[in-house]
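A.B. asks: Sequence:
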Amino acid sequence: LADSTTVVLDKGSFDLVLCRVTIPYTDNRTALAEMSRVLRPGGILLLKTHHPRYYLRKFADGIRKRSPLFSVHALRVLLSGTIFHVTGWQPSPGILLRESYLTEGRLKKELARAGLAIDGTLPDSNPLTPSYRVVKAVAG
Numbered sequence: 020l021a022d023s024t025t026v027v028l029d030k031g032s033f034d035l036v037l038c039r040v041t042i043p044y045t046d047n048r049t050a051l052a053e054m055s056r057v058l059r060p061g062g063i064l065l066l067k068t069h070h071p072r073y074y075l076r077k078f079a080d081g082i083r084k085r086s087p088l089f090s091v092h093a094l095r096v097l098l099s100g101t102i103f104h105v106t107g108w109q110p111s112p113g114i115l116l117r118e119s120y121l122t123e124g125r126l127k128k129e130l131a132r133a134g135l136a137i138d139g140t141l142p143d144s145n146p147l148t149p150s151y152r153v154v155k156a157v158a159g
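Each residue of the sequence shown is one higher than the last, beginning at 20 in the working numbering.
These aren't lab readings, by the way, just hints derived from the structure by calculation.
Calculated lysine to any residue pairs in the SDA-like style (CA-CA distance at most 20 Å, straight line):
1. Lys127 to Pro71
2. Lys127 to Thr49
3. Lys127 to Ile102
4. Lys67 to Arg132
5. Lys127 to Thr45
6. Lys128 to Glu53
7. Lys128 to Val154
8. Lys128 to Thr45
Construct the entire structure; sequences and hints are all you get.
C.D. replies: Laid out in structure tokens, this is it:
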């Protein structure tokens, strides 16, 4: 599509939305609300996130590989993610980063705001990058 073209999808257009490790780099609340908007009631969201352990490993890898920028990036994400986890406010890009981790507790809160709920984990789920099967509530 050309840059000047905007595609607006109808509400309830999809039975399935796939989001594999994109959510850490977005405004989580806006992204989840849009995914929910385009899902039909009872629709499924397959969601993979980054847990704080992902960034702790990235920090340690930076130290081990003598890559300070790698470690500094991980620390910035951990700080931004902690602010988001504790306050529900996701920092804007700047000194802090929009990039964030999600614990299952914060994810459940953000999903509930969008009318979504975790229905289970997926086979590729692991402690660093958990994968969830998320369902949109059926009205009534």
